[in-house]
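Residue numbers (my numbering), protein chains in the order written: chain A, 1 to 89; chain B, 1 to 246.
Keep in mind that the hints were calculated from the coordinates and are not lab data.
This structure is a prediction, so every number in the text was calculated from the model and none was measured.
We put the CB at the ideal spot given by N, CA and C, even for glycine.
There may be inaccurate statements among the hints.
Unchecked claim - The calculated DSS-like cross-link candidates involving lysine-lysine, where the alpha carbons are at most 27 Å apart (straight line), are:
no., chain 1, residue 1, chain 2, residue 2
1, B, K148, A, K2
2, B, K36, A, K2
3, A, K6, B, K191
4, A, K76, B, K36
As the list claims (entries may be wrong) - Distance ranges between label pairs, derived from CB positions:
no., chain 1, residue 1, chain 2, residue 2, range
5, A, V27, B, T124, 47 to 53 Å
6, B, G51, A, T9, 24 to 30 Å
7, B, E58, A, I7, 49 to 55 Å
8, A, L48, B, V135, 17 to 23 Å
9, B, D54, A, T9, 31 to 37 Å
10, A, Y38, B, K13, 52 to 58 Å
11, B, E69, A, L49, 26 to 32 Å
12, B, K237, A, L48, 19 to 25 Å
13, B, E234, A, F39, 27 to 33 Å
14, A, P59, B, P53, 35 to 41 Å
15, B, K13, A, G83, 25 to 31 Å
16, A, K81, B, S179, 38 to 44 Å
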Amino acid sequence: MKHIIKILTLLVAISAVWIGLLETSVVPRSYAWLLPIYFIVSLGCYGLLMVGVGLMRFPTCPQEAVLLQQDVAEAKEFLKKRGVDVGSD
Amino acid sequence: MEQKQHQREARSKYSIIVPTYNERLNIALIVYLVFKHLKDIDFEIIVVDDGSPDGTQEIVKQLQNVYGEDRILLGARPRKLGLGTAYIHGLKHASGDFVVIMDADLSHHVSAHCDFDSLKQVETDASIVTGTRYVKGGGVHGWNLMRKLTSRGANVLAQTLLWPGVSDLTGSFRLYKRSVLEDVINSCVSKGYVFQMEMIVRASRKGYHIEEVPITFVDRVYGSSKLGGSEIVEYLKGLVYLLVTT
């Protein structure tokens with residue numbers, strides 16, 4: 001099944017529940033009308049939260065950059081000795 | 001672990017495919033680092049060069065003189081033909097049981113990762129081992145806040161819409177079982193940047209066993225970064241494409 005169909009099915013299911021709530025008036029009608037807005041707002045909040053948490057916990061690796069520089073210097077020296085033209089860049 | 005290491009030596013050969021375009025210095029460095037760090041492993045490096053005008057191919061030939069023509073193979077192509085076809089082209093020359101694909105730009109410090117990938121593969125018998133920057137032990141260096149924000153935003157969007165089953169879609173350091181790569185690559189049609197995403201999403205949908213290892217991303221030492229507005233548009237187009245086709 002294409003992924004877009006899965007997502008659409010999910011949306012249809014959620015809409016069905018919402019319409020059910022509207023019709024059966026388990027919750028007051030005026031509240032039920034606002035539920036899709038709550039849904040969209042909470043989806044947005046979820047997204048922002050995930051990005052925020054991700055940003056705060058983004059791992060960094062400064063030590064790796066140093067190691068890389070060392071390796072690059074070492075490689076250049078080794079290759080130059082063996083006649084590989086690494087100088088002109 | 002040690003026993004597994006022995007099994008690996010006895011059994012497996014690894015083909016490392018590196019597509020290049022104007023990477024004369026980087027390719028030399030990568031070859032050196034791979035040879036330095038993978039002493040116990042049977043491997044070959046396949047450089048797929050898209051007709052670089054900077055003399056990348058001459059450098060590869062010089063490297064062949066140093067390390068041997070059986071260890072470094074040059075698959076030259078006349079002009080820029082895209083990442084996806086570069087891997088297909090490289091695969092034709094590959095004789096390994098496993099294929100590692102990676103960027104030539106040195107942003108992933110090759111040495112540590114190659115070994116990591118293959119060990120994880122042996123441990124778990126995974127079909128694919130893919131690198132992720134977003135877990136402990138991995139990470140990035142030299143990114144400003146904007147770049148981190150873009151990366152995270154793009155990632156959350158992809159996770160929410162695609163449920164891909166891996167935490168880093170664009171990590172471009174991966175190890176494939178050869179047969180798996182052949183299968184997945186034939187069902188991919190995108191070019192360039194989106195190609196890496198399509199590969200991993202399709203593999204995930206096909207139900208292949210995918211494992212992740214942490215990788216580090218050090219911003220390009222040589223050459224300029226390619227991230228820009230057009231790349232974001234490409235990414236979004238890629239997401240929509242994958243939504244409707246996978």
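Going through the hints against the structure:
1. B:K148 to A:K2: This hinted pair is violated, its Cα atoms lying about 31 Å apart.
2. B:K36 to A:K2: violated, 45 Å
3. A:K6 to B:K191: holds, 26 Å
4. A:K76 to B:K36: With a Cα-Cα distance of about 13 Å, the restraint between K76 (chain A) and K36 (chain B) holds, given a limit of 27 Å.
5. A:V27 to B:T124: 47 to 53 Å: holds, 48 Å
6. B:G51 to A:T9: 24 to 30 Å: About 47 Å separates the Cβ atoms of G51 (chain B) and T9 (chain A), which means 24 to 30 Å is violated.
7. B:E58 to A:I7: 49 to 55 Å: Given a distance of about 50 Å, which is inside 49 to 55 Å, the answer is holds.
8. A:L48 to B:V135: 17 to 23 Å: holds, 22 Å
9. B:D54 to A:T9: 31 to 37 Å: With a Cβ separation near 51 Å, D54 (chain B) and T9 (chain A) fall outside 31 to 37 Å, so the hint is violated.
10. A:Y38 to B:K13: 52 to 58 Å: The hint (52 to 58 Å, Cβ to Cβ) holds, given that Y38 (chain A) and K13 (chain B) are roughly 57 Å apart.
11. B:E69 to A:L49: 26 to 32 Å: The hinted range 26 to 32 Å is violated for E69 (chain B) and L49 (chain A), with Cβ atoms some 54 Å apart.
12. B:K237 to A:L48: 19 to 25 Å: holds, 24 Å
13. B:E234 to A:F39: 27 to 33 Å: Because 30 Å falls inside the window, the suggested range holds.
14. A:P59 to B:P53: 35 to 41 Å: holds, 37 Å
15. B:K13 to A:G83: 25 to 31 Å: Holds: the Cβ-Cβ distance is about 28 Å, inside 25 to 31 Å.
16. A:K81 to B:S179: 38 to 44 Å: At roughly 41 Å between Cβ atoms, S179 (chain B) and K81 (chain A) fall inside 38 to 44 Å, so the hint holds.
The structure fails hints 1, 2, 6, 9 and 11 (numbered hints given earlier, in ascending order).
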